[in-house]
Amino acid sequence: MQKVEVQHICAGYNLGDVLQDINFTAREGEFIGLIGPNGSGKSTLLHVMSKILNPTCGTVYLGDVEIESMKLKEVARVLAVIPQDSPMTFSFTVADIVIMGRNPHLTLFHSEGKEDIEIARKAMEATDTFHLRNRVITNLSGGERQRVIIARALAQSPKVLLLDEPTANLDIRHQIEIFDLVKRLTEEGLIVICAIHDLNLASLYSDRLIVLKEGRVLAFGNPEEVLTVENMREIFGVEAILQNHPVENSPFVILMRS
Amino acid sequence: MKGFRLPSLLLILLITALVSIALGSVRINVITIMRVLFDTHYHNAAQEAIILKIRLPRVLLAMMVGGCLATSGCIMQGLFRNPMADPFILGVSSGAGVGAAVAIVSGLAFASIYFVPLLAFFFSTTTIFAVYTIARTNGTMSVETLLLSGIAMSTFLSAVLSFLIYISEKWLHSLYFWLMGGFGTASWTYVFLLLPFTGCGIMVSLLFSRDLNAILLGEETAQHLGVEVDAVKKILVVVTSLMTGAAVSVSGIIGFVGLVVPHMVRIIVGPDHRVLLPSSAIFGGIFMIWADNVARTIISPSELPVGVVTAFFGAPFFIYLLRRKRGDMFAKG
Chain A
1 MQKVEVQHIC AGYNLGDVLQ DINFTAREGE FIGLIGPNGS GKSTLLHVMS KILNPTCGTV
61 YLGDVEIESM KLKEVARVLA VIPQDSPMTF SFTVADIVIM GRNPHLTLFH SEGKEDIEIA
121 RKAMEATDTF HLRNRVITNL SGGERQRVII ARALAQSPKV LLLDEPTANL DIRHQIEIFD
181 LVKRLTEEGL IVICAIHDLN LASLYSDRLI VLKEGRVLAF GNPEEVLTVE NMREIFGVEA
241 ILQNHPVENS PFVILMRS
Chain B
1 MKGFRLPSLL LILLITALVS IALGSVRINV ITIMRVLFDT HYHNAAQEAI ILKIRLPRVL
61 LAMMVGGCLA TSGCIMQGLF RNPMADPFIL GVSSGAGVGA AVAIVSGLAF ASIYFVPLLA
121 FFFSTTTIFA VYTIARTNGT MSVETLLLSG IAMSTFLSAV LSFLIYISEK WLHSLYFWLM
181 GGFGTASWTY VFLLLPFTGC GIMVSLLFSR DLNAILLGEE TAQHLGVEVD AVKKILVVVT
241 SLMTGAAVSV SGIIGFVGLV VPHMVRIIVG PDHRVLLPSS AIFGGIFMIW ADNVARTIIS
301 PSELPVGVVT AFFGAPFFIY LLRRKRGDMF AKG
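Going down the list, the sequences are from chains A and B. The first sequence: position 95 = 95 (our numbering), numbered continuously. The second sequence: position 66 = 66 (our numbering), numbered continuously.
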């Protein structure tokens, strides 16, 4: 898929619009970080882009197709979502969960065939979860479980991956592990849009950053352009020093006590 | 697992049915039963009357009622992502109870035996329709609201039912017996009335078993996996209501089966609805036939309400399974 385009999106829940006129385009193979304070509309934007929430105005294009004209199943064939945490109360095995990623590619009367099983196996190998395949999901650690959820998303054979703070509940090693994995996927052309709280992780992995505040795009550009002392003050209301990452040369945010 | 368990469960169901026809105040051996059923040259009026007119329809009815209740319970537990859900959670049973009570107290029940199932079915489906309408806001329906409006409606109807029981006086026994559930009134008419609901209900449920699996992961995740959650919810609520309503109207309110059978089966075959649903349907049938066997033979020539038996034997068996499961998990480390 060449691009994902968000045009003039307004959307919200019962109490009026949270998002106001959002515009941006994500290109093939791009990792876009979505940053902004709590309640700025990051999750709402991801909901609109995955057709969970209908916008009150504007359109999302997946490739050249308007998302409104697509069924949920058609959306799920090209776009996968990885939530912050997936509560699991029923004792499915890892393989059960991953193969569910093939659901959008199956019809009512067909169950998954050899090809689907092969795709699920590759998804598990890519996320290093194949050895866990017969384990029960409720018995896994947070990091393992999130890798399984990513495997399920990959089993959808998506062109676009939306992530909503995928590492919020994980320790730093697992955070790096998950982001390395997702970054590798962009090299194969996947478009990744990822809400991230940790600015330094956002800076380290994103090709471009979108800054949301109060439902508007405040800044959109590469990390050097977006992560500035002024923006830190304006967006988050914090004082910070910006330096360059000694190895990656990306901006590095050092927070000050207030 | 899928290939092995279902046929073996079906075999157990068949054996259960045959043995159950043999059981009763007049013992008939299995070979005689087979001859009466399948040998066109064999004639024995007394045996034919007992087998074809009394025991066979009763066994078939118990089997279908058990299947309907277990399937509905399984679906409800999936939809609500709550293992404590059962087929009566949205008020089907209270609705049916009021319907039956109206039929009995008004005397209609004594005009024709079909008024009780007719009114029970009518009231139970109306109840679900009301619950559903209350729970719907702006075209969508959260399971929490559905659950709460079901509870509210059940409570209201229970009050109505209590009132009807209070004024029923001389009909108290027959009303009470109906409420506790049983197959004493089983007939071929009931079998044929229930058959389409059981058949279609289970078929439609099976079509949505993969979607139910996805819904277990959360409604939002299910949508991300391409499941039209609202549509699936609507269809399944309607299907389970019709199945449960039909089952209750020909057998009364038999508790526990719809709650516990899906649990028992889940412990054995796991949470995948593609295996869980058909296994629950079959095991529900087996369980109900045995419960009825006990109900009709234990204090013969009188009968116990089958609901008493399902709870009395089901609960300890359930506790045993829970304990055994815990032991196994420990052993595997």
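Please keep in mind that the hints were generated in silico from the structure rather than gathered at the bench. Keep in mind that this is a model prediction, so the values were computed, not measured. Take these hints with a grain of salt, some might be off.
Unchecked claim - Straight-line alpha carbon distances no greater than 30 Å define the calculated DSS-like cross-link-like pairs of lysine-lysine that follow:
| id | chain 1 | residue 1 | chain 2 | residue 2 |
| --- | --- | --- | --- | --- |
| 1 | A | Lys73 | B | Lys234 |
| 2 | A | Lys73 | A | Lys122 |
| 3 | A | Lys71 | B | Lys170 |
What the hints assert, rightly or not - Now the in silico label distances, taken between C-beta atoms and shown as ranges:
| id | chain 1 | residue 1 | chain 2 | residue 2 | range |
| --- | --- | --- | --- | --- | --- |
| 4 | B | Pro196 | A | His131 | 46 to 52 Å |
| 5 | B | Pro196 | A | Cys57 | 44 to 50 Å |
| 6 | A | Pro87 | B | Gln47 | 55 to 61 Å |
| 7 | A | Thr89 | B | Pro196 | 46 to 52 Å |
| 8 | B | Thr137 | A | Glu234 | 16 to 22 Å |
| 9 | B | Tyr166 | A | Cys57 | 57 to 63 Å |
| 10 | A | Thr89 | B | Gly199 | 29 to 35 Å |
| 11 | B | Ile151 | A | Glu225 | 34 to 40 Å |
Stated by the list, open to error - In silico negatives: residues of chain B with every beta carbon more than 12 Å from chain A:
| id | residue |
| --- | --- |
| 12 | Gly24 |
| 13 | Ile31 |
| 14 | Arg35 |
| 15 | Glu48 |
| 16 | Ile54 |
| 17 | Leu56 |
| 18 | Arg136 |
| 19 | Ile167 |
| 20 | Phe192 |
| 21 | Leu207 |
| 22 | Leu216 |
| 23 | Leu217 |
| 24 | Trp290 |
| 25 | Ile298 |
| 26 | Pro301 |
| 27 | Pro305 |
All C-beta atoms in this analysis are idealised placements derived from N, C-alpha and C, irrespective of residue type, glycine included.
Hint check results:
no.: 1; hint: A:Lys73 / B:Lys234; in the structure: holds, 18 Å
no.: 2; hint: A:Lys73 / A:Lys122; in the structure: holds, 22 Å
no.: 3; hint: A:Lys71 / B:Lys170; in the structure: violated, 59 Å
no.: 4; hint: B:Pro196 / A:His131: 46 to 52 Å; in the structure: holds, 48 Å
no.: 5; hint: B:Pro196 / A:Cys57: 44 to 50 Å; in the structure: holds, 48 Å
no.: 6; hint: A:Pro87 / B:Gln47: 55 to 61 Å; in the structure: holds, 58 Å
no.: 7; hint: A:Thr89 / B:Pro196: 46 to 52 Å; in the structure: violated, 35 Å
no.: 8; hint: B:Thr137 / A:Glu234: 16 to 22 Å; in the structure: violated, 39 Å
no.: 9; hint: B:Tyr166 / A:Cys57: 57 to 63 Å; in the structure: holds, 59 Å
no.: 10; hint: A:Thr89 / B:Gly199: 29 to 35 Å; in the structure: holds, 32 Å
no.: 11; hint: B:Ile151 / A:Glu225: 34 to 40 Å; in the structure: violated, 55 Å
no.: 12; hint: Gly24; in the structure: holds, 41 Å
no.: 13; hint: Ile31; in the structure: holds, 41 Å
no.: 14; hint: Arg35; in the structure: holds, 41 Å
no.: 15; hint: Glu48; in the structure: holds, 42 Å
no.: 16; hint: Ile54; in the structure: holds, 40 Å
no.: 17; hint: Leu56; in the structure: holds, 34 Å
no.: 18; hint: Arg136; in the structure: holds, 15 Å
no.: 19; hint: Ile167; in the structure: holds, 45 Å
no.: 20; hint: Phe192; in the structure: holds, 28 Å
no.: 21; hint: Leu207; in the structure: violated, 6 Å
no.: 22; hint: Leu216; in the structure: violated, 5 Å
no.: 23; hint: Leu217; in the structure: violated, 7 Å
no.: 24; hint: Trp290; in the structure: holds, 27 Å
no.: 25; hint: Ile298; in the structure: holds, 37 Å
no.: 26; hint: Pro301; in the structure: holds, 46 Å
no.: 27; hint: Pro305; in the structure: holds, 33 Å
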